[in-house]
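**Student:** Mind docking chain P on chain Y? Use the hints.
Top to bottom, those sequences are chains Y and P.
Just so you know, the numbering used here puts the end of the first sequence at 297, numbered straight through with nothing missing.
Just so you know, the numbering used here puts the end of the second sequence at 156, numbered straight through with nothing missing.
These aren't lab readings, by the way, just hints derived from the structure by calculation.
Residues on chain P that point at chain Y, a partial pick, calculated with CB under 7 Å:
(1) A69
(2) E80
(3) G120
(4) P122
(5) V123
(6) S125
(7) Q131
Where a beta carbon is used, it is the ideal one built from N, C-alpha and C, also for glycine.
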Amino acid sequence: MVSSRRVVLPGLLLFSLFAVFWTPRAFAQENPYIVAYDHYLEEPGNLEIEYFSTFGTQRGGNDFHAFWVEFEYGATAWWTTELYLDGQTTFQDSTIFTGVKWENRFRLLKHEHFINPVFYVEYENKNGADKILKEGEGHDVESDFLVSNAVARKDHIHEVELKLILSSTFKGWNFTENTLAAKDLSNSPWEFGYALGASRPLALKASAKRCTFCRQNFIGGVEMYGGLGDQHSFGLHDTSHYAAPLLAWNLPSGWTLRISPGFGLNDNSHRFLLRWGVSREITGFGSMVSRLFGGRK
Amino acid sequence: MKAIVAALAVCTPFLAVSLALGQSGNSGKPTTGEARQYDPAIYAELQKAPEKARKRTNPLQNDPEAVAAGAILFEQHCAECHGDAGQGGRKGPTLRVAEVQSAAPGTIFWVLTNGVVRKGMPVWSKLPEPQRWQLVSYLRSLGRLGPPAESPDPKP
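Pulled out of the complex, with its shape left as it was, chain Y reads as follows (with noise of 0.2 Å):
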């Protein structure tokens, strides 16, 4: 029997490549944020696919690079949903597949406040190998990394993961402080962690010209990310934290390309963890899929 591994994930990849350069695509307006989230959610029948990875240096281990894989769908103006497929490599070890996470997030209220609230709720189903380190929760730090694939992905974890994202938007800048509770499945306390984000187009104003490297297109901002305990101990003790500047490229092709180095701000914390990301925003998914399946025309 085939592996379903070797049928899905191979599906994915070329449904992915055929999705990003064959299909109509939008410029996106997109933030630099990798870990934070701010209020804007994806435009309703759109499908945004992004590529990112995250090069990690691991103390005392082999460093590592992780990777995940994003299907972004606007499937209102107040839901996107979200899927991810997540890898790693660490060197001198091995590479693997370490999981699958569905992501939602809800838009609150109807209209822009100064303080605008989104609910987002995820479930992850991955093994102890998961190195994406897409947020920092509970009392996870660095050493935590060092058992190695063989060991670690023997480890399976079905996690919920809850946040309350509270962003505001004043004269350009975008300002974003989420705020994570996480559960697993299993007989394991709720974990706590946090993100801040803060972010700014280099120009307001858009030119009135076609332009690949005008100002407007490039969004730079600062994240901040870690633990905050769980419900047994909470708090900073033993948990790690992170900094990280970040720039992102809306190219008028519709790609965003995006870079951020993150440093660790404690001795928990890996030292250095270099993020890129690509992705491209494809309009109209929706209906394409619905006339696929001989919806309306």
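**Tutor:** Then chain P, alone, in the frame of chain Y:
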């Protein structure tokens, strides 16, 4: 492996629902491959702009480049739903009707900023204020083109 298959089995129906909602929930009205039929009720949101927002003037109204910049922004962010020249599209209504063209610049800016989230139009406050005003300048310039041929005359 079983875990991956189980996760995909759980996710797929929900993704299918979201796709279906993405099709039906965007506008609250059925869409067609052509421009949407004229429906004055669609423009009711314009009446909801608060007085303070309505009175705001366009700081770029005398900027000679505002319309050209707004046209590029419109093509990048709005044309997908509202049509290449604002004539209306599968998901969004025409913007060349009297309801929009006679609305105060501040009203159009308010709708851009807040969207019409429950009817499928996202908020556009992620565009900085000057870019939203450039869009307002462009939208107002569409009035010179008149209402699209396929739409009946606006009702009073």
